[in-house]
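Once you have looked at the hints, place chain B on chain A.
The listed protein sequences correspond, in order, to chains A and B. For the first sequence, the UniProt record's numbering begins at 1 and goes up steadily by one. For the second sequence, the UniProt record's numbering begins at 1 and goes up steadily by one.
No lab work stands behind these hints: they were computed from the structure. Note that the coordinates shown come from a computational prediction; the quantities given were computed from them, not determined experimentally. Mixed in with the good hints, there may be bad ones.
Heads up, the list lumps identical chains together, so a pair's fine if it works in one copy or across two of them.
Stated by the list, open to error - The calculated lysine-lysine pairs, modelled on DSBU-like cross-linking and capped at a C-alpha distance of 30 Å, are:
{"#": "1", "residue 1": "LYS308", "residue 2": "LYS4"}
{"#": "2", "residue 1": "LYS345", "residue 2": "LYS124"}
{"#": "3", "residue 1": "LYS4", "residue 2": "LYS345"}
{"#": "4", "residue 1": "LYS152", "residue 2": "LYS262"}
{"#": "5", "residue 1": "LYS152", "residue 2": "LYS4"}
For reference, the chains in residue letters:
2 protein chains.
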Amino acid sequence: MHTKRVVVIGMGFGGVRAARALAGSGLDVLLIDRNNYHLFQPLLYQVASAGLEQESIAYSIRAMARQWPNVRFHLTEVTGVDFDAREVQTTSGPVGYDYLIIGAGSATNFFGLTTVQQYAYDLKELEDAEVLRNQILNCFEQAVTEPDPARKRALMTFVIVGGGPTGVEFAGALIELVTYVLAKDYPELGIHTARVVLVEATDRLLAAMPQELGMYTLQKLRSMCVEVLLNAQVVDADNTRVVLHDGAVIPAHTLIWSAGVKAAPLAATLQTAHAGGGRIPVQPDLTLADHPEVYVVGDMAWLEQEGKILPMVAPVAMQMGAYAGAAVLAREQGETPEPFCYHDKGSMATIGRNTAVATAFGLNLKGYPAWLAWLLLHVYYLIGFRNRIVVLLNWVWYYWFHERQVRLITRRKASDSL
Amino acid sequence: MHTKRVVVIGMGFGGVRAARALAGSGLDVLLIDRNNYHLFQPLLYQVASAGLEQESIAYSIRAMARQWPNVRFHLTEVTGVDFDAREVQTTSGPVGYDYLIIGAGSATNFFGLTTVQQYAYDLKELEDAEVLRNQILNCFEQAVTEPDPARKRALMTFVIVGGGPTGVEFAGALIELVTYVLAKDYPELGIHTARVVLVEATDRLLAAMPQELGMYTLQKLRSMCVEVLLNAQVVDADNTRVVLHDGAVIPAHTLIWSAGVKAAPLAATLQTAHAGGGRIPVQPDLTLADHPEVYVVGDMAWLEQEGKILPMVAPVAMQMGAYAGAAVLAREQGETPEPFCYHDKGSMATIGRNTAVATAFGLNLKGYPAWLAWLLLHVYYLIGFRNRIVVLLNWVWYYWFHERQVRLITRRKASDSL
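Bound conformation, chain A alone (with noise of 0.2 Å):
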């Protein structure tokens, strides 16, 4: 009898847990990914913000696999899956399996708006967020020689969209650099004339939390100067403007769309069932009804519970990996898995500096005490020690000296129009 084999596509937060509960089994595990590290996505707005170095946030997959013997890791990209023959898709072959843990991830939703896809930068690989970067230090350069007084504020306006926790919290993070740290960079600027604007489509911020946060939030964002627009919505843009539903027009150079994640362009090419947003609907065990030796986990995954479909955050997907990773050693050992749940430990998301809101267990958090918890979970969750300490690092030195050490600019553009 041969080695069973599992194939994991997609080091996300699903596939590094799925991965962990295999290890070490007697199984012949291996993971695929078209990069080499996992990506500690929360953490890219800190990046995109002249916070954090890319560096800090994404840790080498073979360093991971180093200490799991019975791991292997083929860096390539999965262009579809044979569930018939078992048998993954990828550019450096086909790849056969027995088991198959699918966590490939997200990518952001433009609802279809073609012109903004086009112009709209989003945060969800680790490239976007040194982009982002680039571009909010090359607006304020060039802002310095520009002399038109409208097209120089257009370059020191930052829309973005989306008021859930990715919005707020760039919104946050981005208010403060120009305002503490580009400020004291740019002393010819008129830095007051910089404008971030966070607009929403519903009337409230960060729907998913509390409305109670929701409100807090907004009103700690405003007296920050961070102008939050309610029930608007984008439909157009260029590179100098943004046009919202009502005719309103803002001129800015640079948007930012964070307003929805669909799943990963794999589901589209699966030989599935497909529900909202393209995601993978799953047995309660978290398998596909035809394949039951596939499991779907993280973000692809739609999953309903106690009458709600399972969010697509970084908690879910851990707890699904882990769970199918458990799952096939279970099913090895003639064992039945008990179906998959969810235990919602909370969310939260933070707002500048020494604030956040959080809500766990009932209990909602608002200030400085969530903003503490906020700081010790991420920690604690970054994979790498390393990485851990530098990412402390900076944060003592934006805490306590209100400096932002990584404002690079590490890309030049050509000299065309921002």
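Showing chain B alone in chain A's frame:
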């Protein structure tokens, strides 16, 4: 009488020292660079060998300029200088000056070998180091799934051209990355088949240092399994092979060129005399013969001292830049500055994690004492307290744990052949 304006082109070692000397004076100082940071070039090879993040060796110019109230910065590209009109031409328009200090540095010299220039990697800019690191790691990843043993070995073969400090240091760092770090990351590869080849056109390494140290370096590198080819020149290359002058062919997917530098392209646009490497001859006080208000410092300057042309190295640029800044101040006080005199405080080069060679004040050091001196000096000259801490942290990690923590491929390649 108007305030005199000093324009400094280039914020390398020369420009930074000039700016420091001019800060706090009554003059209006404008710094120009096409990047918004000062780059610590001597440590580029460490970013390329996954030992440091790129942000650790770059320091924001605006952060430096904060404590210099009379100093401003423009991020722009200089296209030429009109000496008669006393104007610097830039992509953002012309800039007038009363004094000009040009320190635009150097570029890689491929000696007219166009195919080599097309396929070789070099180490002059921050992006170069990240691109080279990605290439090295991508080659190993590709080797994992490569079925042909000959192609596999060519993927794991790295040819470095140039036996000066840059080539020596990179060869040592690369062989250690492969031997101590990648060997553990890629247990499935026969890492012992990887090759690091150092090609030098003359019959010795580190030709600018005493022969004893060059011999020591040669023996050390060979004991670390670097193949050193002396009296050898690369004449041709494509993406899978390197061709030497005697017809030898080395199958290799990565060629790194550190065999020479020449003056930055700006030099060729200037209406002055030119000497070897396109460098600009200067008077004993570093000014242009026909334009005494213009100084040229650093790699671009051609100046003889005691029968030898001053080399294109960082200490020369630092001393020239400091001199030029002080000279401008002296002239504004009505004084005549002494001629420039370079004080050679020695040079050094590392060979891996705890060995180096150094020569100073007639003394030759090798081994561990030289390495310690190298470490302290480089940390001292790095700009930015936080940068020093991060770099020391990375080096501690490397020295004690033999870990190179930055083994990330940060930009995905298209799936075409490497």
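Taking the hints in turn, this is what the structure says about them:
no., hint, result
1, LYS308 / LYS4, "neither (35 Å within a copy, 70 Å between copies)"
2, LYS345 / LYS124, "within (24 Å within a copy, 49 Å between copies)"
3, LYS4 / LYS345, "neither (34 Å within a copy, 64 Å between copies)"
4, LYS152 / LYS262, "neither (35 Å within a copy, 38 Å between copies)"
5, LYS152 / LYS4, "between (62 Å within a copy, 28 Å between copies)"
In summary, the numbered hints that this structure violates are 1, 3, 4.
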